[in-house]
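Protein chains in written order, with our numbering: chain U, 202 to 500; chain H, 352 to 613.
These are calculated hints, taken from the structure and not from any lab test. We put the beta carbon where it would ideally sit given N, CA and C, even for glycine. Any given hint could turn out to be false.
[Unchecked claim] Facing chain H, from chain U, some residues (calculated, C-beta under 10 Å):
(1) 235
(2) 239
(3) 264
(4) 336
(5) 337
(6) 416
(7) 437
(8) 462
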Amino acid sequence: MTDLLTAASRGSRAIRPSGGGSGAFRLLTPAALYYAVFFAIPMLCLFVLSFWRAQGFDLIVDFSLDNYWKIAQSPVYHVLLLRTVVIGFITALIVVPLAFALSYVLHFVLARRGQIVLQLVLLSLFSGYLVRIYAWRTILGKQGLLNSTLMWLGVIDSPLEFLIYSNFATVITLTGLLLPLAVLPIYSSMANISRDHLEVARDLGSRRAHLVRTILVPMALPGIRTASAFAFLLAAGDFVTPSLVGGTQGIMIGNVIADQFRGIGSNWPLGGAIAFVTMALVLVVYFAAMRLIRWVTTW
Amino acid sequence: MVGRQRSSVLAAAYVVLVLLFLYLPVAVTVMFSFADSPRLSMPIEGLTLDWYRRAFSNPLMGVAVRNSVILAAVSAIAAGALGAGFAFGVIRMKSRRLRGVLLGASLLPAVIPLLVIGISLAVAFSAIGWLQGLRNAAFGHVLVCLPFVVLTMNARLETFDFSILEAARDLGASPFRAFLDITLPIIRPSILGAALLAAALSLDEFVVTWFNIGSQQTLPVLVWGLVRRGVDPSINAVASLLLFSLICLVGISNLSAWRRRR
Numbered sequence: 202m203t204d205l206l207t208a209a210s211r212g213s214r215a216i217r218p219s220g221g222g223s224g225a226f227r228l229l230t231p232a233a234l235y236y237a238v239f240f241a242i243p244m245l246c247l248f249v250l251s252f253w254r255a256q257g258f259d260l261i262v263d264f265s266l267d268n269y270w271k272i273a274q275s276p277v278y279h280v281l282l283l284r285t286v287v288i289g290f291i292t293a294l295i296v297v298p299l300a301f302a303l304s305y306v307l308h309f310v311l312a313r314r315g316q317i318v319l320q321l322v323l324l325s326l327f328s329g330y331l332v333r334i335y336a337w338r339t340i341l342g343k344q345g346l347l348n349s350t351l352m353w354l355g356v357i358d359s360p361l362e363f364l365i366y367s368n369f370a371t372v373i374t375l376t377g378l379l380l381p382l383a384v385l386p387i388y389s390s391m392a393n394i395s396r397d398h399l400e401v402a403r404d405l406g407s408r409r410a411h412l413v414r415t416i417l418v419p420m421a422l423p424g425i426r427t428a429s430a431f432a433f434l435l436a437a438g439d440f441v442t443p444s445l446v447g448g449t450q451g452i453m454i455g456n457v458i459a460d461q462f463r464g465i466g467s468n469w470p471l472g473g474a475i476a477f478v479t480m481a482l483v484l485v486v487y488f489a490a491m492r493l494i495r496w497v498t499t500w
Numbered sequence: 352m353v354g355r356q357r358s359s360v361l362a363a364a365y366v367v368l369v370l371l372f373l374y375l376p377v378a379v380t381v382m383f384s385f386a387d388s389p390r391l392s393m394p395i396e397g398l399t400l401d402w403y404r405r406a407f408s409n410p411l412m413g414v415a416v417r418n419s420v421i422l423a424a425v426s427a428i429a430a431g432a433l434g435a436g437f438a439f440g441v442i443r444m445k446s447r448r449l450r451g452v453l454l455g456a457s458l459l460p461a462v463i464p465l466l467v468i469g470i471s472l473a474v475a476f477s478a479i480g481w482l483q484g485l486r487n488a489a490f491g492h493v494l495v496c497l498p499f500v501v502l503t504m505n506a507r508l509e510t511f512d513f514s515i516l517e518a519a520r521d522l523g524a525s526p527f528r529a530f531l532d533i534t535l536p537i538i539r540p541s542i543l544g545a546a547l548l549a550a551a552l553s554l555d556e557f558v559v560t561w562f563n564i565g566s567q568q569t570l571p572v573l574v575w576g577l578v579r580r581g582v583d584p585s586i587n588a589v590a591s592l593l594l595f596s597l598i599c600l601v602g603i604s605n606l607s608a609w610r611r612r613r
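Isolated chain U, as found in the complex (with noise of 0.2 Å):
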């Protein structure tokens, strides 16, 4: 697993054939291909038909703005996108800073011992994405086992009701779910800095709080910047989650979405509408907030 590391970090350093690669291009090409027709031409499909229409079971064949209109006037979209930037932001807002603290701790104070933590890190991706958000309703739930212990212990008398079917349930679980994918690259950009270079910063006076601002974080910066993308686009796009710990009131944009495409009275052609609006404006605040990162951190 520390070989997704090495690869998301350093430049390759293999000893090159000295002869020409034409071969390296026939070995690409299947998998390229692979990419194109499974990946980009579905893609295009989806925004192709993102113009067209539905009626009843047929789509029809059209240029119409129709789906993204119906997207613009109804403000039960607006409250769903708005939710979903927002949660997939705070989300973010969480996660990179503690996958962010998290490598410098393994870095830089644990060292080689890190490595091992890092790999329990990195584990956890595997530890079923399904089981961890309903093991997460088993822990936040009403007869939950936080509620059930706080309960027994007599530290509450009733249940807090907050702590499942909330946004907060919804943010707890997707910190869960996406911590150990952004620790990935930020601690691999880190990977690169020296504690010989922080040492030598610190003796020439530097305070940490400034040595994080200076030094660390624009070091780093490749790395919190794709655990952001990460986070955020990962987040914002999660169904399952809030539908099973959102709450009726917690559901977010993707949840519509995918009752567009597997749900009663599906529309495919206002789904696919509906996603490319999300992503857009999901690309858009992200750009935003890197340049914020870039602005504050330069200056």
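Following the hints, position chain H against chain U.
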């Protein structure tokens, strides 16, 4: 020195908290899969294997296991081969810039929400008239696994010494011979490791599967179905079995990398 010691205690405490947070769901799942009371709350009064019995008496379980194994095998073989080829091709590129672009592009499906990948595949398959089912899901699984295979393979190939290949060629070996006798034995553990990772990812894949598999079952789809129907402690049993298989796959995958390093 005192300050440094205190900060390392704080650091260790933080690490422990994070690990607890990450592994609490796993512990809870396994714990309640053996717990006597169906209420899923504390304190646990007794232990039982009833939930496992109940899980296996579910008629959908057999089909789900079979389909999950098929998908995992297809993903391991197809994503393993495609990803290994891609990584091998990329690492032999001379232009550093081109390598970066290709690697970055190959990771794109990992940043796009699975929901969007799932629905776009559903649209594309329906456009060519393929009915939803295991086949469509398999193509989705391979796509979802590919970025991770490429990433892992790329890392493992970084230490590959291409000059021994040239030595073989100079000594008169055909490219095919050189590949078979030199390259393959060296990179086989790496490919195996990456393929097992793909199998683990496939075994756990739910979202893309859900939009493409129609009325078929896989283990995660079965879990989803049970979860939607309400609280049923046999969910924890199915989930624990899934967890166990995932740990085995990832464990063996890591082992293959570890043995190579020695």
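For each hint, the structure was consulted:
1. 235: Holds - the Cβ of residue 235/U comes within 10 Å of chain H, reaching about 6 Å at its closest.
2. 239: holds (5 Å)
3. 264: Violated, because the Cβ-Cβ distance from residue 264/U to chain H comes to roughly 17 Å (cut-off 10 Å).
4. 336: Check passed: Cβ of residue 336/U comes within 3 Å of chain H, closer than 10 Å.
5. 337: holds (6 Å)
6. 416: Given a least distance of 18 Å, the restraint on residue 416/U is violated.
7. 437: Check passed: Cβ of residue 437/U comes within 7 Å of chain H, closer than 10 Å.
8. 462: Since the shortest Cβ distance to chain H is 5 Å, the answer is holds.
Consistency with the previously given hints fails for numbers 3 and 6, ordered from lowest to highest.
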